[in-house]
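Visitor: From first to last, the protein sequence lines stand for chains A and B.
Note that the numbering used here has the first sequence beginning at 612, numbered continuously upward.
Note that the numbering used here has the second sequence beginning at 324, numbered continuously upward.
Certain hints may be false.
[As the list claims (entries may be wrong)] Distance windows between CB atoms, simulated: (1) N823(A) x L359(B): 36 to 44 Å; (2) E743(A) x P399(B): 29 to 37 Å; (3) A783(A) x G388(B): 56 to 64 Å; (4) S802(A) x A473(B): 54 to 62 Å; (5) N823(A) x L353(B): 34 to 42 Å; (6) D472(B) x S896(A): 40 to 48 Å; (7) P832(A) x K360(B): 35 to 43 Å; (8) D472(B) x F658(A): 26 to 34 Å; (9) D665(A) x R470(B): 55 to 63 Å.
Treat the hints as calculated values from the structure; they're not laboratory data.
Note that the Cβ used here is the ideal one computed from N, Cα and C, for glycine as well.
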Amino acid sequence: MPEKPKIALYWCASCGGCEESVVDLAEGILDVVAAVDILFWPVALDFKKSDVEDLADGELTVTLINGAVRTSEQVEMVRLLRKKSAVVIAYGSCAHMGGIPGLANQFHRTHILRYVYQEAPTVVNENQVYPEIRHSWNGYSVTLPEFHATVRSLDQVIDVDYYLPGCPPTPALLAAAVNALLTGTLPPKGSVLAPDVALCDECARKDSKPENLSFEQYKRPHAIAADPEVCLLAQGLLCMGPATRSGCGALCVEGNMPCTGCFGPTSRVQDQGAKMLSSLAANMSAQTDEDIIETLGGIPDPVGTFYRYGLPVSTLRRYRDTES
Amino acid sequence: MQQSTPAAQEWRPRIIAFFCNWCTYTAADLAGVSRLKYAPNTRIVRVMCSGRIDPQFILDAFVHGADGVLIGGCHPGDCHYTEGNYKTLRRHHLLRRMLMDMGIDERRLRLEWISASEGDKVRDVINGMVTELQTMGPLALNDNMTRFDAELESDLDTYLVTLSTKEVEHA
Ligand code: SF4
Ligand code: SF4
Numbered sequence: 612m613p614e615k616p617k618i619a620l621y622w623c624a625s626c627g628g629c630e631e632s633v634v635d636l637a638e639g640i641l642d643v644v645a646a647v648d649i650l651f652w653p654v655a656l657d658f659k660k661s662d663v664e665d666l667a668d669g670e671l672t673v674t675l676i677n678g679a680v681r682t683s684e685q686v687e688m689v690r691l692l693r694k695k696s697a698v699v700i701a702y703g704s705c706a707h708m709g710g711i712p713g714l715a716n717q718f719h720r721t722h723i724l725r726y727v728y729q730e731a732p733t734v735v736n737e738n739q740v741y742p743e744i745r746h747s748w749n750g751y752s753v754t755l756p757e758f759h760a761t762v763r764s765l766d767q768v769i770d771v772d773y774y775l776p777g778c779p780p781t782p783a784l785l786a787a788a789v790n791a792l793l794t795g796t797l798p799p800k801g802s803v804l805a806p807d808v809a810l811c812d813e814c815a816r817k818d819s820k821p822e823n824l825s826f827e828q829y830k831r832p833h834a835i836a837a838d839p840e841v842c843l844l845a846q847g848l849l850c851m852g853p854a855t856r857s858g859c860g861a862l863c864v865e866g867n868m869p870c871t872g873c874f875g876p877t878s879r880v881q882d883q884g885a886k887m888l889s890s891l892a893a894n895m896s897a898q899t900d901e902d903i904i905e906t907l908g909g910i911p912d913p914v915g916t917f918y919r920y921g922l923p924v925s926t927l928r929r930y931r932d933t934e935s
Numbered sequence: 324m325q326q327s328t329p330a331a332q333e334w335r336p337r338i339i340a341f342f343c344n345w346c347t348y349t350a351a352d353l354a355g356v357s358r359l360k361y362a363p364n365t366r367i368v369r370v371m372c373s374g375r376i377d378p379q380f381i382l383d384a385f386v387h388g389a390d391g392v393l394i395g396g397c398h399p400g401d402c403h404y405t406e407g408n409y410k411t412l413r414r415h416h417l418l419r420r421m422l423m424d425m426g427i428d429e430r431r432l433r434l435e436w437i438s439a440s441e442g443d444k445v446r447d448v449i450n451g452m453v454t455e456l457q458t459m460g461p462l463a464l465n466d467n468m469t470r471f472d473a474e475l476e477s478d479l480d481t482y483l484v485t486l487s488t489k490e491v492e493h494a
């Protein structure tokens, strides 16, 4: 009997949702566990870094890494895992494009640390204690990972073979990927393991999407009771469907919530945010500066709207170097 | 970006201008034929309609070293394709807001309506933009990218020293 494929799972700057989604394979996970050897999965099983170090280079058949990369520890771990793995899959929006944590690239590192350790309403920090990467006390010395100035997608740090998009990826996509892996039917390196067409294509509301949207107002989901049948864009909600890859089964839209873009753009689009901005703005009915500005007031946070999952991979790439 | 310019030579802002075929490009042509003098810092890209200017082009220009991007189109109502310049106007407003949120001075992106006969306006707009960009200084997004990559490669101690000096400057 041939050896079972060896698998590792690791998380970086992650909310835990991606790890959870693996468990969401439900009873399907038993088949996976039976078919593979899990050699490293810190969130679920007690492995140590040295267990990975002890492996031969390339010994891991595949490693799934979720979360964005921000700390020196994450850089070190993903580099180590890269060395030990034949195939690395960026799992979920954060690893794929920087994800929600990537929105932090709008702020200077100093701001973030100051807010979290001092200014947040629930924080009491009279002595202004901040994390230090090295601290010595009484003859002992301890270290902490460094908090980098920027959040990165996984492929900005290591070579990535495949991307499983989504926040988090759906169990169906994961199962398909695992299956492709086990049967050796993976697409060319660098592929995103989801269809390469826009979400509108698989959306049940597609037929009600008008050719000419002529927005008079942009509305936010909490402010209206959306019609559950009609295209959400046609109702003035900022649905990212036209600028987002399909493959999720339009889950959010089915739940009457607009798509927020977690699958990222299709391969023909370089910058998801610029593309969506372009289409939305073009489709407004206002023609004068004043009217346009008023209508655009319905989009209070363009960066957070158009780059919710992809600021680190956007063209301007997100690195805010000034404090203002 | 190549930094081959000798330090003695003055820095000059680089402008990428997208001009629509029917109005502004013709006006720039007219400015040339009429021998109007304007600052030589602008690289003009002719497009059929200002509505064809994908915001992706503009972001690309900035990351490839442009200090400013100028869009020239037909006056409202005069678009060869009826609506193109209205689309441009709306995109322009939203894009400027977004650039601002990304830490880029929104004055680096400028939209002007210039009809085919307004050769002198081409000259005035370009000269005006050059002067304004000169007061703002280089955008140098590439330097950001270099620092971005350097952070990853530098060993931690050197990195921390540079970071803390920087943070002192910012404090
Ligand atoms: S992709 Fe979504 S679910 Fe996965 S870690 Fe990031 S935020 Fe969480
Ligand atoms: S815009 Fe949204 S709601 Fe409308 S068809 Fe596309 S995905 Fe569906």
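Visitor: Indicate, hint by hint, whether the structure satisfies it.
Guide: To see whether the hints hold, each was checked on the structure:
1. The beta-carbon spacing between N823(A) and L359(B), approximately 41 Å, falls within the hinted interval of 36 to 44 Å.
2. A C-beta distance of roughly 58 Å is found between E743(A) and P399(B), which places it outside the suggested range of 29 to 37 Å.
3. Under the hint 56 to 64 Å, the C-beta atoms of A783(A) and G388(B), about 44 Å apart, miss the expected range.
4. Taken as a hint, the range 54 to 62 Å is violated for the pair S802(A) and A473(B), whose Cβ atoms sit roughly 30 Å apart.
5. At roughly 35 Å, the beta-carbon separation of N823(A) and L353(B) lies within the given 34 to 42 Å, and the hint holds.
6. Take D472(B) and S896(A): their Cβ atoms lie about 44 Å apart, and the range 40 to 48 Å holds.
7. A hinted range of 35 to 43 Å is violated for the C-beta pair P832(A) and K360(B), which are about 54 Å apart.
8. Look at D472(B) against F658(A): about 31 Å separates their beta carbons, and that is inside 26 to 34 Å.
9. Under the hint 55 to 63 Å, the C-beta atoms of D665(A) and R470(B), about 36 Å apart, miss the expected range.
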